[in-house]
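Chemist: Chain by chain, the residues:
There are 2 protein chains.
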Amino acid sequence: MTQARQGLMYAKDPHVVIVGGGFGGVAAAKALRDAPVRITLIDRTNHHLFQPLLYQVATSVLPPGDIASPIRGILRKQANVSVTLGEVTSVDKAERNVTVDLSDGTREVVTYDYLILATGARHSYFGKDEYEKHAPGLKSVADALAIRNRILRAFEQAETTEDPVKKGLLTFVLVGAGPTGVEMAGAMATLVRRTLKSSFRRINPQSARIILVDQANRILGPFSEALSKKAQKHLEGLGVEVRLGHGIESIDGDGVVVGGERIISKTVIWTAGVAASPAGKWLNAETDRAGRVHIQQDLTMAGYPEVFVIGDTASLNQDGKPLPGVAQVAMQQGRYAGKLIHRRVIGRKDMAPFRYFDKGNMAVAGGNFAVLQCRKVQLSGLLGWLPWAAIHIAYLAHSSLRLAVLVQWLWTYLTGQRGSVLVVNHHASPHQECSRQVVHPLIASGS
Amino acid sequence: MTQARQGLMYAKDPHVVIVGGGFGGVAAAKALRDAPVRITLIDRTNHHLFQPLLYQVATSVLPPGDIASPIRGILRKQANVSVTLGEVTSVDKAERNVTVDLSDGTREVVTYDYLILATGARHSYFGKDEYEKHAPGLKSVADALAIRNRILRAFEQAETTEDPVKKGLLTFVLVGAGPTGVEMAGAMATLVRRTLKSSFRRINPQSARIILVDQANRILGPFSEALSKKAQKHLEGLGVEVRLGHGIESIDGDGVVVGGERIISKTVIWTAGVAASPAGKWLNAETDRAGRVHIQQDLTMAGYPEVFVIGDTASLNQDGKPLPGVAQVAMQQGRYAGKLIHRRVIGRKDMAPFRYFDKGNMAVAGGNFAVLQCRKVQLSGLLGWLPWAAIHIAYLAHSSLRLAVLVQWLWTYLTGQRGSVLVVNHHASPHQECSRQVVHPLIASGS
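Residue numbers (full-length UniProt numbering), protein chains in the order written: chain A, 1 to 447; chain B, 1 to 447.
Treat the hints with care, since some could be wrong.
To be verified - Pairs of lysine-lysine residues, derived as DSS-like cross-links and limited to a Cα-Cα distance of at most 30 Å, are as follows:
hint, chain 1, residue 1, chain 2, residue 2
1, A, Lys197, B, Lys77
2, B, Lys233, B, Lys281
3, A, Lys133, B, Lys133
Treat the hints as calculated values from the structure; they're not laboratory data.
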């Protein structure tokens, strides 16, 4: 990166490189708004994703554009930020640089004065990576669209197949009953019972089985037992089968084995474990079991005060307990890291160590039933859902998104219809040249 | 298809098979609403697409869900229709059946009493199929998303490349200056000059060249010369370079040759010729040069009064001129075919031969400037755009879509921002298994 290409930034200013445009990375960039620094934010996608609503894309409630907005757009007015579409492949802590594979296939080495790693997490198959093929997980827009296609295709195939029940086309298994699994189960129950009602002639979508599996003895582990029970009861009222106390023994193309029982299912979705991105390997740092980098109370890596690791990529204890992998932690850490760098750059002394302020936990269990837990306050049902909806709308990064989501939710609520029930067979992208040869032109183009 | 699986329909009723869920097919199904028939509508996609606005998906104005809605949803209340997701591969006129490849990989033979072929058209490369790889066309949702990705990626690559202008990353060539080419050119001009403004730090999107090429001597052939001139002047005012009188001599990965001049461009989009779907081959019928089936005045194939061919798939002269390949013709023909079948089934005599009622032609040349030609009325500018917008909103098939499009247009108009600037790298779909191996998991999942 030559100085001449830095555009609006002053080449003499310290260079802050932020890897990742999620909640943590964007918060860090914004916190540096008035700092005399040059910022380069690198992400392998062009968009900031509002992950807490990703399950609504997977279940046809929202189109992806409603929960994702271009990182460039979010930061367009902040002249000290330059956004780069590319994938970081390594970090050289000694030389203070990161290597980036750019979207045009070339590679660039970017030096930094400060580095913020906010690369998030991927779902983990706990070493059983062969499960991924049969049980996709939900972390990106592409994931959500792939799952949406799978679910809708299962109904289409069921409509034209003899004995679809026996073939598992109308059985959906969700592996993992944390917030993602519970929200998916609730949204799918509404999809099959309300949205798809009377769309088919031979099958009855309402007869579809939705099975939520977890090896724990209750759903929604991070919540109180009372809320877990209420959410489970609500899900069961929507027709979801909740199976607890047994882990998945195997997954293949025909279904799963759980608690010794074989469940035939063509659509298995992985809503379990989360693992950190490879930042720990880049840094050759100490990590916890999930691959998250152990950091100090100022969010830097021990021995490297210029290297910050935040959000799902980092592991930090507070009051003896690890901080959860939620958006709030990432945002608060991003803001902290940005402010701390600002102070260091202008020569002021450091702030007090980072402390997470827990604003509470929420999850929707279908329809307008949510559970909300914030310190001693516990709400469920519509009373939980209203603050859930208000907070999610308020946090959606981009103002045009808020209106669109509100309109879509109102519409879905009033009519039961969902706006995003398209099955799109994608052309090969430039990176997927080979698939051109296996797809019949007519299928690829039209369906 | 066994009788037991026909659900709500009476097995003794005549069976009408409609192939294609576009404007023609859906209009035909709706016209048969009260007819004592069983209808099977077969399409290889699950959605009806509002093609006239497809260029707005390709240029990030609208998300695909705003112009496509599930065929099942449109026809859900019409109990005599069953929708099948599958691809017709052949027709046996003697045995009166069609062969369908279903989405689960199996094959089904469906017999009919009446057949309506409404399979639309694909863009044609006039025998130069090798152009497709470098110059994708615009007919399906997948096409539009692929083109959107290409355009946005070109800017991303330009931002991180030395000398992007020389590499053709900021040059966009549209081949064909009919309505699609003109609408694409206008929308792209607004995209680069308004939406992407100040999103980049190293490149200036407003410096991008948009070149519209046609071998004809004017743009918008179907319109009057006066309107062509006005539209061209408006496009040029937006910065579009219009090059007429020379066809494309070659297209490759680095650009095009036109009129002997080589134009370096990484993004070439095919907005030219249209060719019919393979229905002519299925029927072994007489076709015109573009592959469209010659039909009789009652829209049936000569010698086969039970086989109707409509819309872009058919070739029919009226007053000595072939009918144009537009939505209006398909819809009017679909309605006619449906009504005629209804009359024949209940034993009433045929209607007068089909006659197309031309409601006029419209095209947008960027922003709020449209040309409109309806018999002797010719409008241009905002005066042309207002009826254009009203008519398009009114025709959008599904009421939830209308509101969403209106909101999005207003937003775009007021702010210059567009809601659909996502680049999504898709996972391999079940049909594209092989691409799994060439895509790095981190790229595929996140970007």
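Chemist: If a hint holds in the structure, say so; if it does not, say that too.
Modeler: Each hint tested on the structure:
1. Restraint check: the Cα-Cα separation between Lys197/A and Lys77/B comes to about 11 Å, which is no more than 30 Å; the hinted pair holds.
2. Proximity of Lys233/B to Lys281/B is assessed by CA-CA distance (about 43 Å); at most 30 Å being required, the pair is judged violated.
3. Using a Cα cut-off of 30 Å, the hinted pair Lys133/A and Lys133/B holds, with the two alpha carbons roughly 29 Å apart.
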